[in-house]
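Residue numbers (my numbering), protein chains in the order written: chain A, 818 to 1260; chain B, 28 to 327; chain C, 11 to 283.
Since the hints were derived computationally from the structure, they do not count as laboratory data. Where hints are given, some of them may not hold.
[To be verified] One-sided excerpt, in silico: chain B residues whose CB lies under 7 Å from chain A: (1) Y69; (2) H163; (3) I227; (4) A230; (5) G272; (6) G275; (7) A292.
[Stated by the list, open to error] Computed spacing ranges between beta-carbons, pair by pair: (8) B/P97 <-> A/P1201: 45 to 55 Å; (9) B/K95 <-> A/G1106: 27 to 37 Å; (10) B/G229 <-> C/F189: 50 to 60 Å; (11) A/Q873 <-> B/L307: 20 to 30 Å; (12) B/L241 <-> A/D1077: 36 to 46 Å; (13) C/L19 <-> A/N1025: 40 to 50 Å; (14) C/P202 <-> A/N1025: 52 to 62 Å.
No residue lacks a Cβ here, since even glycine has one placed at the ideal position from N, Cα and C.
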Amino acid sequence: MKKKLVVLLAALAIMSMLLSACAKGETPDTTASGKPFEGVTINVMMEGVPDTEYVQAQLSQFEELTGAKVNIEVLNYALMHEKLVPQLTAAEGSGSYDLIVVDNYWVAEFNRAGWLLALDDRIASSETVQVDQYLPSMMEMVGTYQGKTYMLPFYNYAMALVYRNDLFTDPTIQQEYKEQFGKDIALPTSIPEYLELAKFMTRDTDGNGTVDFYGASMQGLRPDPTAMEFLNYLYSMGGTMYDLEGNVTLTQEVGVAALDAYVEAMKTSAPPGSPSYGFDEAFAIVAQGDAFSYVTYNWMVPVLDDPEKSEVVGKMKVTAVPGGIGLLGGWGWAIPKSSPNPDAAWAFIEWVESFNVAKERALLGGAPTRADVFQDADVLAKYPHYSDVEKIVADSIMFPMQSRAPQIVEVLGRVISETIAGSITSEEAIQQLITEAENLADK
Amino acid sequence: MAKSSFFSNLPKHDQQTARNLVVPAMLGIWVVVLFPLLYALYVSVHDWILSQGGIGSFNFSNYFTVLKDPLLLNSAKNTVVLTISVVVLEILIGFGLALLLNNKGIRLRNIYLFILLIPMLMPPITVGLIWRLLLHPELGIINYVLSVIGLPQPLWLATPNLAMLTIIIVDVWHETAFIILVLLAGLTSMPEEIYEAAIIDGASSRQKFQFITLPLMAPTILVATIIRMIAALKTYDLVYILTRGGPGISTETISYYIYKVFFVALDVGKSSAMAFLLLLVIILMTFLLMKVMQKTEQNY
Amino acid sequence: MKIKKRLGLILANTILIIASLSVLLPILWVIRTSIANRLIAYKIPPVWIFTPTLDNFRMIFETYPFQDYFLNSLIISTAASLVALLIGSLAAYSIARFRTGDPALRLSMLSTQMLPPIALVIPIFLIMNVIKLWDSMTGLVLAYLSFNLPYTVWILISFFQGIPVEMEEAAMIDGCSRFQSLIRIVFPVALPGLLSAGVYNFILNWNEFLFALILTGRNTRTLPVAISSLWTQQGVNIGAVSAATVITILPVILLTFVIQKFLVRNLTFGSVK
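Please put together the full structure from these sequences, using the hints given.
This is the structure:
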């Protein structure tokens, strides 16, 4: 009997130890050392992408310089919004993140809710931040909102067409193309031309009767993979969702044409499983050498050149989305109003966005947002295709600046997926999309 | 005997002790369940979209809009299909396997059981990610094996009618372990004397199963059913990882829909209203099952 | 008769082998993926023989501190499960022995499990933020009580009902108070039940995702949240996910293996009297 009691007491003791170990108690060490933020901890929430890894690699410089400690919490994209929203609703100064990165679709949402700190005064008195160095398309997207500056652009993810240059320049394939179409093979300049090329490339390479190589790798998963991919078709065919005043500009005619083209590409030139593919599966198809082309982020080429991840090393090239206008994406640095240390956070932004640090990141493989980094001789020497990327970033169109953008993406993803599944027609899909876009527009 | 009279017949100091003993648990439940619940109830009768400013006016419009929402109706249908399928399949398979495992003649019993319980120990998020890899039509091992043995290779997650079945299969793979565990626990705690008596009376195995095992196991099966049903009605993680509700809207479940209204549309009011409607449905179904359970208990 | 019995055994074994294989093969594939690079992980037809790499494991321990997440998960899951056992067992005893609040109390315990967790997450977050328990282990432990407590009570009631009142009465005649007899007689006898409930809760906590996502920060991140962050916009790092899965399920597998017998005997959720 005594033994049992001992066990119970032991359990209680362990428990009380565990609970007392729960307190996190981090008191800032405020010993003076001349460094401006000695003892301050800056908590940052970021997404797990290459650019975040580059920032992590650079961190020690900033810590050395200012004495601050920077904690970067890395999260996956889909969960960031879920995690940020409760944080941002916390009272002023009482949140847990000093600094955050904001995806372009959240810009209007966060600002309309009044969750971000305006940076204009800080920018005006800063010696290092030069707002006019950013590409205007980036600054409009992840910099300003309704005339005030809330963010500084961190990296771009403009979409582009990545394709197999080895096949494109293969004489046998060129010959075959010429025989079939009576003209030389060329990079497509419009969506219909792209469909034609993608269909031509889709084939049975081992002669067993089933298609095993696809003209286009596609991602039909709801909501953002398919919505983002489709917008390239829409923009390239001359359509838009909203104008700058927030009126719905999507028309039935262009919308249906773009959606039909998108569905046709998926049915005729993409792997049969595409309607359920997210980014990873579509990427894997390309990396395994099973597809000719993929509409994706411009900075995927270095990833496809990594022999650990890809079988198509050195074979891929990047060009603008057929039709010339793709979807622009990007992230910006922002300080939430709930930030406990806005000054330290701003010092971090000033440092991380200074020319030298931004250039260093670009040299590591980062996706620039500043014209001077894009045009820097060292950067261009390492990545000659960045001059094309700069043009792609400048010409692309961002997702509409709407405070309910995440919900618009959700609706867009749903109607596209339903059209692919055949449960509604493309006319019905665009009709629903226009109605919902009007309901969700900022009034 | 009325239950309250039992309590009031206790000696005074025992009544006191009885009350004191439940206080910590009640306090815990109040803090972590009751308060949040009341708060959610309050929110559900107000207009409140987080991104559009503070809490709005008091009204019941959330409940009305929700009930008229065709997408909610669709997800309710999907949820019913999913719940009934997984609960029935898991109980049948789980009970079957538990009966086999309860057979004393099986020598490797503990090894089988150990293996069969593993899925229960895996976080749903990894189950989803791993099955996505296994089921990839071009690059997954399952379709490769099917092609080698000459069977058709379905597009598991890309075909509207098949996607729900795929989710059901993955759920059965993941959750049957729990049923096996609970039912086997029930089987092992059954009194052996009854069986011995039945054998002396010359009962066949089928008779033993029909007249002893099944009736004695009925309460355990019902408890297992209730626990699984409640969990299945709340399924969202597998859907979130495997299909995001697609293709089209063929796999959207209520919980996943609520999740999106909450975190994507930031419509806190509407999502709380939907959560309460779901709560009502779950309470109603549990109540019905409990009634059935009590009836079965009385019958034997 | 004997032949029939033997055939029955063969059939039973066959079914069990098929069932075990259908569980085991996907898990073996996970283990294989955890020691392959991304290229081999997606290779079809599969490469059967390749040089295994520990890069995925190295990555999750070096790039991400999975050892910290592991410890967080361990402390939080254990603490929540123990606290629930402590206060839950008292309540369960009271309900079993004195029928306190029966049946309303017993039913209300069950009904707390019915609300979709999504509806509870925001209010719980707000509370934790106000009482400064966000990103603290204590906060998550409290949140986990919302489901640990009801399950504990539910599982334990039947155990206490199974203990004859006479045993306690005898102890009380010997001079023990009600409370002493509870600790010295009732709890030891109900130990298998306590253990089963504790392990069941531990497994639930170990795998819990939504509360952990919203209530943890950098200091307290648990394994499931850490695994989900391997799923990036550039795709799932399936090798690392597999390695993390192996690391995550290993301790629970060992735990289950050790106390499998206990679980099997006792986890009836009060349905067997």
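query = Looking back at the hints listed earlier, which ones does the structure fail to meet?
reply = 1, 3, 4, 9, 11, 12
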